[in-house]
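Listed here are the chains, written in short residue letters.
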Amino acid sequence: MCLAIPGQVVEISAEQPLLAKVEVAGVRRSVNIGLLEEGTVQPGDWVLIHVGFAMSKIEEEGAHEQLRMLRALGEDQLALDELRGYTFAEREVQR
Amino acid sequence: MKYVDEYRDPELIATVAREIAKAARPSRHYRIMEVCGGHTHAIYRHGLKHILPENVELIHGPGCPVCVLPMGRVDDGLSIAGRDDVILTAFGDMMRVPGTCGTPLALKARGADIRMVYSPLDALRIAETNPGKRVCFFAIGFETTAPSTALTLLRARARGIRNFFVFCNHVTIVPAIRAILDSPDMRLDAFVGPGHVSTVTGCRPYEFIAKDYKKPVVISGFEPLDILESILMILRQLDAGEARVENQYRRIVPWEGNLPALRAMAQVFELRPYFEWRGLGFISQSALKLNANFAAWDAETQFEIPGVRVTDPKAAQCGEVLKGVLKPPQCKLFGKECNPEHPVGALMVSSEGACAAYYRYVHTGEAVTA
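Protein chains in written order, with my numbering: chain A, 1 to 95; chain B, 1 to 370.
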């Protein structure tokens, strides 16, 4: 429930500046960055993702530790399932 | 037993364990509450009880959103579903929580349009693409999740989406901690503070625990080493006769929290005068509702909701376990009628629930060694 997934920002959408494409272990999805101070996120930055939103910017080292923690808790697969499950920025809503 | 090789430095774990053994006075019994269900999960998964001295006892706190939701609220939420023009959406954890007439999943199997979503934005998207339907999001969660609901509502308003509604069950952690501190049958020495909730709230809201109740609080990460380090920090404070808020999870939690998230919450929500928590009863100013500006999106004003109060199934002792009075296996139903396949109580549903974690890692012996 309080799963927090570390991801690296690969792209900020030009048309929708509140959307950032992030990558987690090879999986790419868009997340909303409206909970971060405006203009503070750049491609290359690491963020912590929760229910479709980047909730904080973190250091790369913290991100790797967070990924390892998800593996240690056995929740890494759940995290990727959650990421794949975000459909709000996709063209078609999957049922 | 399985072994996990991803730990930070197992030798360091052994060192911290030795320091803990040194810091814990043999003449004293320590009762430390881990507030967050994520910590409860980690503690059982890694069998940390066996690393700690016997006189350092961990008490599981109320930080599991589906666990503290009373059954009446589940029934209220499910009363919204089942109408022809309604799509009810909820997080995966919520889908398996039993109401009086079954879980959301069971209701879905009986024909109600109930869909699991991973984000409130997905629920909003379903509303946008189904303009002929009323789409309701069953919102649960502490401060980690509440800002996401707030931002989704701000987006719904900005885009003029009027067929989207939120059934708001967001709760706030501090009043629950205060209720536990004020409860006469609850003697605690210190708190392991929640990790991800604190990325939003920051560390300041816990200062009253140190100042007014003279109990140490250490905000902790979720790895075994994090939790053990936090316990050591607590024992050292207790040994020195101090009570402070410390932040062990500095790599993730900023002291001041997330200001844009707090602003979004302030724009959308107001405090309810009181809210019922499973096991803890009614706690004043402990939950959020949509404020008057968002009444048009508030399921509680836009749908007829019965507002039922249901007592838990008598045999299930969720309340006692939630308060830390009973350990999971001391409940009469544990592992029998109530198991992860067929949960009777919500604590058996979520991986953050004490019963589900105990069942998986202690009862069936799946724990991994630290």
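Honestly, the hints are just simulated from the structure, not real lab data.
Keep in mind the model is a prediction, meaning the values are calculated, not measured.
Think of the CB as a built atom: it goes at the ideal place given N, C-alpha and C, for glycine as much as any other residue.
Hints are supplied without guarantee of correctness; some may be wrong.
Among chain A residues calculated to face chain B with C-beta under 7 Å, some are [stated by the list, open to error]: (1) A4; (2) E37; (3) T40; (4) V41; (5) M69.
Outcome of the hint check:
no.	hint	result
1	A4	5 Å, holds
2	E37	6 Å, holds
3	T40	10 Å, violated
4	V41	12 Å, violated
5	M69	5 Å, holds
Comparing the model with each earlier hint shows violations of hints 3 and 4; every other hint is respected.
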